[in-house]
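So the sequence lines, in the order shown, correspond to chains A and B.
Numbering-wise (this note's numbering), the first sequence opens with residue 1 and increments by one.
Numbering-wise (this note's numbering), the second sequence opens with residue 1001 and increments by one.
Note that these hints are calculated values from the structure, not bench results.
Built from N, CA and C at the ideal position, the CB exists for glycine as well.
Please note: incorrect hints may appear among the correct ones.
Unchecked claim - Label-pair distances were calculated between CB atoms; the ranges are:
#  : chain 1 : residue 1 : chain 2 : residue 2 : range
1  : A       : 66        : B       : 1094      : 56 to 62 Å
2  : A       : 326       : B       : 1014      : 36 to 42 Å
3  : A       : 111       : B       : 1128      : 56 to 62 Å
4  : A       : 326       : B       : 1038      : 53 to 59 Å
5  : B       : 1133      : A       : 57        : 20 to 26 Å
6  : A       : 287       : B       : 1025      : 30 to 36 Å
7  : B       : 1110      : A       : 42        : 31 to 37 Å
8  : A       : 277       : B       : 1023      : 24 to 30 Å
9  : A       : 321       : B       : 1009      : 17 to 23 Å
10 : B       : 1017      : A       : 246       : 27 to 33 Å
11 : B       : 1014      : A       : 46        : 32 to 38 Å
12 : B       : 1007      : A       : 78        : 40 to 46 Å
13 : A       : 321       : B       : 1158      : 22 to 28 Å
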Amino acid sequence: MDWVELLLIPAVKSLVLIVVLLLGFAYMTYYERKFLARLTTRVGPNRAGPKGLLQPIADALKAIFKEEFVPGHVDKWVYIVAPALALIPALVAFAVIPIGPDITIFGHTISLYIADVNIGFLYILAIASVGTYGVILAGWSSNNNYSILGALRTAAQMVSYELPMGIILVSIVLLTSLSTGVGSLSLVELVEVVTPDRSILHWLWLWVAFPIFFICMLAETSRSPFDLPETENELVAGFQTEYGGIKFALFFMAEYIHVITASAIMVTVFFGGWQGPFVDTLPILGVFWFVAKVILVLGLFIWVRASVPRVRYDQLMSFCWKFLFPISLVYLAITAVFVALT
Amino acid sequence: MMSGLGDVVKGAAQIAQAMGVTLKYATRRPVTLEYPEEPMAVFPRYRGQHMLRRYDNGLERCIGCCLCEAACPTGAILVEAAENDPGNPRSPGERYAKTYEVNLLRCVFCGDCEIACPTEAIVLTQSVPMPQRNRANFILTQDVLLEPKDANLVIRPDS
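Looking at chain A on its own, in the form it has when it is part of the complex:
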């Protein structure tokens, strides 16, 4: 193993992934505004650049050049670090998701993922819960009753919806043992080995879990109809009350990158990742299929936002604990029996 494979390739891969995710965030906001506009028979942004394509850049410049205002009563360092703490987990979670098969460039075999962690699912669950820290610290450091209440609510929501999500992921790991003999936690293995081997029954049973997992992801990424962290109408603006300018934008950046990551996870688990027609002959096509599938799932997020009204907080909690949680436990039990019998 020379230095190219040890240092250069991972560095370049990480850099490309971060740039793509940040650009992806920018154009996710554009995609959302355009698609949402079409769903409500409007045109959407079309002033900045052709078809409004420069709108994300205009928004970014506006956020950056706004006055950097730090209220006097906040805990300054935690206040400044909190948006970054919310953002980083969303970025880091992408590391274990394979976005394409191995490709060969200049004699080096490059795998299109940052790391094949053999505890991929566990890693995703762990990273997802770290994102809650950013929210809690933002609320606490703001030194404001609205903020701390909003932060605690948000944290409770995120932690609650992680339970059914985790149980569904456990079921999926159990299901992988149908193909590999032993259940695998690796997402790379899931796409490369398990996905091509899935039987029809396996696919169908997996699809039963998709709605539950999708609802968990909506709540986990605080998307509508579970966008209670925004708290527009009951707690001023929740945990981000005291934030403005680019610091406020960072929270939304975190949310949108979280959505992209969640879509990537769903594509990997339910839609076969980068698998698609003609990938065997032209491996780079896998990236195309992956991106196309992610864009479709993102469209689903936006479509739900346009259609479903926001839920109340008590509805949110009772739905998670009284419905989603038991349902996912039942799903896990049936999966276990199913796996044991075959």
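Knowing the structure of chain A, use the given hints to seat chain B on it.
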């Protein structure tokens, strides 16, 4: 929990229905008006920004009678009249409007000035008053008011 199962099915059906509705609207043409670039349809009786008209020979119709100023319910119009120079008249009458200003911030677009005007000099056009960056620009002076360019408008046929 079992009693809630029917509600769950019903709720899921309702969400599916709602999502169908939004998807149906996605195929429709947007209703957004791209006003300055594309023509906007207004009714023929729509009252927009003011215009001071001229006669065909170039003389101003306004003779500085101040009737519009008197008729204006909000006092948005200011007219100062002056005697015409007989050799080089600005209006066919004895007097002309030295200053003619309309304050758009006060105007209620009632059209009373139009009715009061004996020479049909002041009229309300169909053009929509454009947004301004400066409050001073909302006071329309004579050079703005005298026969401004037509905005990108069409008259609605269904009136």
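Tested hints:
Checked against the given bound of 56 to 62 Å, the beta carbons of residue 66 of chain A and residue 1094 of chain B, roughly 59 Å apart, stay inside it. Take residue 326 of chain A and residue 1014 of chain B: their Cβ atoms lie about 22 Å apart, and the range 36 to 42 Å is violated. Separated by about 59 Å at the C-beta atoms, residue 111 of chain A and residue 1128 of chain B satisfy the suggested range of 56 to 62 Å. Separation of residue 326 of chain A from residue 1038 of chain B is about 55 Å and conforms to the stated range, judged on CB atoms against 53 to 59 Å.
A hinted range of 20 to 26 Å for the beta carbons of residue 1133 of chain B and residue 57 of chain A is consistent with their spacing of about 23 Å. As the Cβ distance of residue 287 of chain A to residue 1025 of chain B is approximately 33 Å, the hint placing it in 30 to 36 Å holds. The beta-carbon spacing between residue 1110 of chain B and residue 42 of chain A, approximately 32 Å, falls within the hinted interval of 31 to 37 Å. Take residue 277 of chain A and residue 1023 of chain B: their Cβ atoms lie about 26 Å apart, and the range 24 to 30 Å holds.
Taking the beta carbon of each, residue 321 of chain A and residue 1009 of chain B are about 20 Å apart, inside 17 to 23 Å as hinted. In this structure the hint that residue 1017 of chain B and residue 246 of chain A lie 27 to 33 Å apart at CB is violated, the actual value being about 41 Å. Hint check: residue 1014 of chain B to residue 46 of chain A, Cβ distance near 33 Å, so the stated range 32 to 38 Å holds. For residue 1007 of chain B and residue 78 of chain A, the hinted distance range of 40 to 46 Å is satisfied, since their beta carbons lie about 43 Å from each other.
Judged by the Cβ atoms, the range 22 to 28 Å given for residue 321 of chain A and residue 1158 of chain B is violated: they are separated by roughly 56 Å.
Of the numbered hints listed earlier, those contradicted by the structure are 2, 10, 13.
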